[in-house]
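Asker: Protein sequences appear in the order of chains F and Z.
The first sequence begins at 1 in UniProt numbering and counts up by one.
The second sequence begins at 1 in UniProt numbering and counts up by one.
These are calculated hints, taken from the structure and not from any lab test.
Check each hint, because a few of them may be wrong.
Below 25 Å or equal to it, Euclidean Cα-Cα: the simulated BS3-like pairs (lysine-lysine) are [claimed, not checked]: (1) Z:LYS81 / Z:LYS174; (2) Z:LYS274 / Z:LYS227; (3) F:LYS120 / F:LYS57; (4) Z:LYS81 / F:LYS120; (5) Z:LYS81 / F:LYS57; (6) Z:LYS286 / Z:LYS273; (7) F:LYS185 / Z:LYS81; (8) F:LYS281 / F:LYS217; (9) Z:LYS122 / Z:LYS50.
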Amino acid sequence: MTNHDTDFAIEGHGDISVGVHGAGASGDGSASATRITPGNALRPEDIALEISRGQVKPSDDVAEFALRIGDDGLILAQRLGHWISRAPELEEDIALGNIALDQLGHARSFLTYAGAAWGKSEDDLAYFRREHEFRSAHLFEQPNGDFAVTIARQFIVSFYQYQLYTRLMESTDATIAAISAKAVKEVDYHRDHSAQWVLRLAGGTDESRARIIQGFKLVWPYVDELFEDDELTTRLAEAGVTVQPSSLRAEFDRLTGEIMTEADLQIPGVPQALGGGRRGKHSEFLGYILAEMQVLAREHPGASW
Amino acid sequence: MASQNLQSVPAELSPEEQEREAAGQAYFDRIISEDSRIEPRDWMPAAYRKTLLRQISQHAHSEIIGMQPEANWITRAPSLKRKSILMAKVQDEAGHGLYLYSAAETLGQSRDQMMEDLIAGKARYSSIFNYPTISWADMGAIGWLVDGAAICNQVPLCRASYGPYGRAMVRICKEESFHQRQGFEILLELSNGTAAQKQMAQDAVNRWYAPSLMMFGPPDDDSPNSKQSMAWNIKRFSNDELRSRFVGMMVEQVRVLGLTLPDKDIRFNEETKKWEHGPLDWNEFKEVLAGRGPCNSQRVERRREAHENGAWVREAAVAYARKQAQKENAA
Chain F
1 MTNHDTDFAI EGHGDISVGV HGAGASGDGS ASATRITPGN ALRPEDIALE
51 ISRGQVKPSD DVAEFALRIG DDGLILAQRL GHWISRAPEL EEDIALGNIA
101 LDQLGHARSF LTYAGAAWGK SEDDLAYFRR EHEFRSAHLF EQPNGDFAVT
151 IARQFIVSFY QYQLYTRLME STDATIAAIS AKAVKEVDYH RDHSAQWVLR
201 LAGGTDESRA RIIQGFKLVW PYVDELFEDD ELTTRLAEAG VTVQPSSLRA
251 EFDRLTGEIM TEADLQIPGV PQALGGGRRG KHSEFLGYIL AEMQVLAREH
301 PGASW
Chain Z
1 MASQNLQSVP AELSPEEQER EAAGQAYFDR IISEDSRIEP RDWMPAAYRK
51 TLLRQISQHA HSEIIGMQPE ANWITRAPSL KRKSILMAKV QDEAGHGLYL
101 YSAAETLGQS RDQMMEDLIA GKARYSSIFN YPTISWADMG AIGWLVDGAA
151 ICNQVPLCRA SYGPYGRAMV RICKEESFHQ RQGFEILLEL SNGTAAQKQM
201 AQDAVNRWYA PSLMMFGPPD DDSPNSKQSM AWNIKRFSND ELRSRFVGMM
251 VEQVRVLGLT LPDKDIRFNE ETKKWEHGPL DWNEFKEVLA GRGPCNSQRV
301 ERRREAHENG AWVREAAVAY ARKQAQKENA A
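Just need the whole structure built from these sequences, with the hints factored in.
Answerer: Right, dumping it as structure tokens:
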């Protein structure tokens with residue numbers, strides 16, 4: 001390369017090469033930006049590799065369960081991603097973006113694993129299912145609203161997910177256990193982030209307090225659905241793959257209650273919505289979320305990106 | 001030193017102050033001549049401070065405004081892996097904005113003030129972000145061309161004479177080089193995909209090529225600030241020099257992509273040993289700079305909206321911190 005002589009090469013950082021032989025420099029051309037993960041964290045690509053080698057394959061029940069929690073993360077990531085470039089502070093652009101990325105990462109792992117039962121990839125499941133085939137709970141599809149609504153939603157989600165993933169680390173299904181072991185560390189930060197903001201908003205100004213109270217009122221109707229047992233969870237609980245969602249409730253109530261008390265907030269006395277997300281019954285919101293998420297992939301079926 | 005020409009000592013200084021100024025200037029000149037680093041507490045000429053503030057804050061604003069054209073595709077990214085990479089990339093840009101605002105703050109201006117200036121339309125950011133991202137391939141073209149041009153510009157800035165700026169640039173360049181690779185990878189995948197995907201990639205390269213070349217700034221004979229910045233060891237290479245290097249790299253890389261650059265005049269000049277490109281539309285550049293680009297008003301409006309919608313959150317955080325401090329003092 002003719003002019004690739006002084007600064008760029010010598011300084012050793014920020015090289016402009018693209019790692020392709022003939023394109024002028026160093027690196028592994030097949031390396032992708034997602035391949036570098038600290039430590040030995042489990043990546044969706046690792047799970048896909050195990051699947052392709054025939055090392056893991058979930059039963060239909062396990063796959064259906066993985067689909068539920070995968071869809072929760074995917075839909076929430078889609079919602080949270082909207083905040084990037086719109087947050088109240090740059091620090092929150094980064095924080096909410098990070099939480100979205102974590103949720104998307106968990107979703108990719110769970111969906112990749114679920115798909116193995118039916119010969120489908122994470123992208124087949126994310127981009128080519130219709131509304132009634134999604135298994136996410138209603139809380140995850142609730143609109144972002146203002147920052148207080150987003151924080152109220154995230155507070156409930158992260159305390160719920162923390163309990164769930166903590167218990168799933170002991171799952172008899174090794175893949176579910178491994179994904180959860182990674183996820184729980186990340187969700188612990190989400191818990192801290194949302195709890196700190198609940199305290200700040202509740203104890204900040206009159207306006208912020210009014211907004212967080214309203215935020216909780218809007219999202220609290222979707223709490224019960226998270227802890228509903230059904231035939232699938234009963235079968236899987238007996239097999240030790242998961243625990244009954246209802247068994248997570250007491251600890252969720254205790255830990256969220258501590259923060260709510262410190263923030264001098266009441267649990268909103270609002271009726272609980274019927275839910276039904278786990279059976280494919282969704283609110284009006286999901287259709288719009290999917291329309292946006294799936295539009296490009298569906299314009300080019302079979303294409304690789 | 002060129003810097004001395006710009007530094008006029010006000011007449012009303014006392015003899016002691018004049019002596020301090022002269023000693024400061026001598027120290028500054030020595031540091032610059034040794035190609036060493038100026039740190040925030042060191043004496044520096046007012047014009048040096050002003051130039052740096054302008055450049056660093058513009059760079060920070062570019063990162064922040066630059067989040068928007070890419071954030072535009074986060075919700076529609078065509079695979080979950082691409083969505084994840086894109087989110088991480090836009091998040092990196094917020095991080096770059098943070099380091100750069102912090103570096104600028106060491107020169108005495110608050111981040112709030114810089115943000116106010118941006119929203120009020122008083123501050124500039126890179127003109128290229130006033131173009132729209134109308135297809136997924138634009139994510140590839142921005143990574144490959146726009147981030148590629150940014151790296152060419154920024155790698156020499158890692159050696160900028162102002163310490164906090166140079167150090168911020170080291171980290172930024174590492175991440176930018178990742179961004180450039182992911183952009184290349186997007187285009188490569190599209191180019192090797194269906195006919196429609198390849199067409200999408202070529203169309204994006206066609207649209208982003210000339211604006212990315214103009215990112216290096218006006219031609220050297222029309223770049224009034226460059227000379228002084230080079231004398232101060234802030235800038236290391238001229239606009240045209242960097243642009244020529246960039247063209248040379250892109251010529252090689254576009255072949256690997258199996259695409260073409262929309263410029264029939266690109267050639268390597270054996271005499272000057274430099275790459276040359278076809279004429280650029282500097283009128284368009286000036287128009288966009290003057291606020292008449294396709295997205296100028298929408299970009300600043302989005303920033304204003306986010307900032308104003310977030311005001312109650314920032315006020316709450318301040319009020320809460322104050323109350324906590326009072327509690328601690330009372331205890």
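Asker: If a hint holds in the structure, say so; if it does not, say that too.
Answerer: Quick rundown of the hints versus the structure:
Among the hinted pairs, LYS81 of chain Z with LYS174 of chain Z is consistent with the structure: their alpha-carbon atoms are about 21 Å apart, no more than 25 Å. Distance check on the hinted pair: LYS274 of chain Z and LYS227 of chain Z sit about 21 Å apart at the alpha-carbon level, within 25 Å; holds. Pair hint LYS120 of chain F plus LYS57 of chain F holds up; C-alpha atoms about 12 Å apart against a cutoff of 25 Å. At roughly 15 Å between alpha-carbon atoms, LYS81 of chain Z and LYS120 of chain F fall within 25 Å of each other, so this suggested pair holds.
Distance restraint check for LYS81 of chain Z and LYS57 of chain F: the Cα-Cα separation of roughly 22 Å lies within the 25 Å cut-off, and the hinted pair is therefore satisfied. Of the supplied pair hints, the one linking LYS286 of chain Z and LYS273 of chain Z is violated, its CA atoms being roughly 30 Å apart against a limit of 25 Å. Simply put, LYS185 of chain F and LYS81 of chain Z have alpha-carbon atoms about 21 Å apart, close enough for the 25 Å limit, and the pair holds. Restraint check for LYS281 of chain F and LYS217 of chain F: the C-alpha separation of about 22 Å stays at or below 25 Å, so the hint holds.
With a C-alpha separation of about 15 Å, the suggested pairing of LYS122 of chain Z with LYS50 of chain Z holds against the 25 Å cut-off.
In terms of the numbered hints stated before, the structure departs from hint 6 and from no other.
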